[in-house]
Amino acid sequence: MSQADAIQTVPTAKVRADVRAGWLAVIVFALLCVLAQAQFDWLETFPEALQLPVEAWFNIGMDWIVANFRAVFQTVTLVFTYPMGWIRETLHWLPWSGFVLVMAALAFKARGAGLPVFTTLSLVYVLTVGLWTEAMNSFALVFISVPLAVLVGFVLGVWGFASKRVERALNPVLEIAQTVPAFAYLLPILLLFGFGPVVGLVASVLFAFPPMVRNTILGLRDVPSDIIESGQMSGANRAQLFWLVRFPAGRRQILVGVNQTTMASLSMVIIASMIGGTADIGWEVLSTMRKAEFGASLVAGIVIALMAMILDRITFGMAEREGRGLEHRGFLKRYGFWFAIAGSIALLIVLRPALPILGAWPETWQIDLAEPLDQAIQWFILAFKPLLEAMKNSVIFFVMLPLKIGLDKAVSPFTWGFGWQPWHTAVYAVLVLAGTVAAIHAGRVRLAIAVVLGALVLLVGIADMPWPASVAILVYFGWRMGGSGLATGTALALSFLLVSGSWDKAMLSIHLTTLAVLASFLIGTTLGIIAAQNDWFSRLMRPINDTLQTMPPFVLLIPIVMLFKIGDFTALLAIISYAYVPAFRYAEHGLRHVSKDVVEAATCIGATPMQLLLQVKLPLALPNIMLGLNQTIMYGMAMLVIAALVGTSDLGQEVYVGLSAGNFGQGFVAGLGMAIIAITADRFCRAWQRNHEARLQKGAA
Amino acid sequence: MIDQSSATTTGAVKLSCRNLWKVYGSKLDYYFDTSGYSIDVDSLAARMRAEGHVPAAIDVSFDVHVGEIFVIMGLSGSGKSTVVRCLSRLVDASYGKVLLDGDNLLAKSPKELIEVRRHKMGMVFQNFGLLPHLSVMENVAFPLKLQGKPLLEQRQKAERVIELVGLQGREYALPGQLSGGQQQRVGIARSLIVEPDVWFLDEPFSALDPLIRRQMQDEFLRIQRVLHKSIVFITHDFLEALRIADRMAIMRDGKVVQIGTPTDLILNPADEYVARFTSEVPRIRLLKTAACAVPANGDASTMPQVAAEEPVENLISKLAAHPDGVAVHDTTGADLGIVTPASLIKSLAALGQDNTHVAS
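So the protein lines, in turn, are chains H and F.
Residue 1433 is where the first sequence starts when you use my numbering, and the numbers rise one by one after that.
Residue 111 is where the second sequence starts when you use my numbering, and the numbers rise one by one after that.
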């Protein structure tokens, strides 16, 4: 025992000393950079001589592809234009009553009683506000993109399931497809496929197929071996084993994939409408928002939200539904329901000439909600203007600006009422030093390191930090967390940002997401903890969370822009309202699933409810909570691009500008930059999880 | 090819497992070639382990006779599940032969194998292996569906086996709506629908709670009395093995330690390991009626009739009611004498003293 212990302790102590020395070196280096920043320009901005024309390269590559392969893509466009046209025409030709009937029937089959009512009421809302045609145009796009994305995803998923090598090759592709912001590939698609609704289709398929691949692989792989073996012993050949045993046994997970793919597809159809020419519901929201007609924009936004909820509940219901166990049923019993529906629709069509009301919703039944909404909003803004302004200003002045450009610049007579003087820096330094010494004295070396670094960042600001200091801190942190692999990855990622000239914008993105993610994580986790203790609160929040998650994020912007105008603060709120949900869900799930035995044991020992929460449940739920953080970062990055619509100045804006200016390279480099940031953040989270698990295992052994 | 060790069973050999090896690792050809292996089995296994291979089944040989219940008993990791998977070729053996009616299964092409599974084998799994989306009826008829049999035939046959396992009335339930015991009845029915010759049961009752397990064992014995299948039954429960086995093999670390009737094993354990299992077993469980029979002194025709195979345990209440004794007949009806309270006590006493004596 003593020998094993000796082997354990000696290097650990040495490693610890090394780590401390390493951090000390990094901190000293960062400090030197900050102090020297005023003297040397190249510390502040990465020297232009070292930058590479990455943007131009992308543009040249793209031009070449367009020049050589455009014909191929145009053919694809041609091939898809017709079926898309047919679907669209069919939906327009179908009487509204028929469409409502079909959707209600689907809802009934998927979920039973309640959902058809919700579906019908939602569609009646669409009719009442007079956006039926726009909604049908969006539905048409979804109805063709979902089957395509599902097909592509399923085929790739089966392939990835069958071959480990294919799966390994697919993983990075899926990751990039999911993290590169959709705006970034709208433009190349536009260049290749030409202007028109096919762009929306292609973008939507590209964006929506990854979850289908992942869920297909997962569903097929997780079928218990007992079931597979029983199929083999029943004498199944290869095809039978797959289609009659493995596929149906993994069906539920695969249908979850269909659900996620549908939601992603709708979300992308809405985003893609910004290139215009589709006259769909997304365009309606966007164009009214640009004209600051918030009432109209909100009315259309609600249509999108309702569409999302209907599609979500129906596809999710299909996944949840239990197989009915095909008892010996007659043809009529099995298909009678659908024949009745088809018959009713035929009847509606036949009756349409006689009863035009069935085909066209009478104009007199339409209600203009936009006007009164506009007035209500106006009144609200006028009534609460001081409060709204105060909220916005205090967050911007006391939180956002200091983190962005540092206390030394953010503190000014205009914002804080006084200017930052050198002696402020001195007092600040003394306070930080005192805190550090106290932490070290208490044996919390990590805390001390965090205090110093945090104080430095707050003083200088994320955007104004000399780039060598940021690189050193992040790469060394990566090395501590995940070894040489993560350090190399981080270094490469940061080099791309530097060399491509995206560093400044990237730091603004990091600033905004850091803030938004921290806030989302704090809010979400706190609410999640409350929900885990309180069933009433949990029940209250569930529909709110579901709604926020199902809605295409785009819609979330509308009410926030109405209240706070455009700008960083609006973007921050938009990101938070989208990204807090995963933090909430993972925290609640983690806390609710802490092993009962441990909770009972702690209760018997005499833990108070607070002790139980802080010292038992939270530590045990930590891995889940960290998973929530990881998801929050991903959601935050996704929303960051959308938030560019309300006037940020970071990479997201760059992507958007690249799209509107038709500069593929600009948009794509910025998009890649965002993907790189998201993927790096994800790797840090995973490294933390691995370390945590390793610690637990070492503790157990 | 009759196994000499099994004098009690009379049928012909149905399934024969010869020198079966299953080794996990990268370079198996290195150990086995067409001429087999010449060095001693234990040294070979030791060398495999030393060279980073994992021998899960080591030189396993046994025969299963027509109508016999052959139990393979071992603790987890002993290789028993590997062996039954090699027999059904869910896992491909590394070396050896599995002869079904003298025909080597390991040499079958995938196509032939599917035919064998469709008509000659049935298997029951520990965690049931039911298809969650199919009803009881569809699960049971599934093997016939795979063969493309007409729907009517599927239904008729399925109804018959569902009745056999006592699940009438639940035909259209889904597996998720059934208890564990009921689910395993479905598994049993499904494995029987193709009327297989050999029936593999891989720890079929281990996932069930003790009361249900006991009930399922009785059900299983009842079904076997009707069907007379040749059975390989895997279990980690020694008492379960005792209850149902005609003969059993005990496995440890991939090797068969001993093969024999339950009584053989208890009275003549091959080594310490087997003895540790058997030491706790009450001796009265082992004794069959035939072993206590003595010649009748007078007219035995008025006494109650008892089968020769009946465990002595079951005689006690009968002897209490008939102190004169009971008459013993074997399956052919031949008169084997009588058992009296005195002869029973004498035989038990002899068992307790003399462990070298083979009781039956």
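If you are wondering where the hints come from, they were derived from the structure by calculation, not from laboratory data.
Values in this document were obtained by computation on a predicted structure and should not be read as measured data.
Be a bit skeptical, because a hint or two may be false.
Stated by the list, open to error - Simulated crosslink set (DSSO-like; lysine-lysine; CA at most 30 Å straight-line): (1) H:LYS1596 to F:LYS221; (2) F:LYS365 to F:LYS207; (3) H:LYS2028 to H:LYS2130; (4) F:LYS365 to F:LYS428; (5) H:LYS1596 to F:LYS365; (6) H:LYS1596 to F:LYS137; (7) F:LYS267 to F:LYS230; (8) H:LYS1541 to F:LYS221; (9) H:LYS1836 to H:LYS1817.
(request) Provide an ascending list of the numbers of those earlier hints which the structure does not satisfy. (result) 4, 5 and 8
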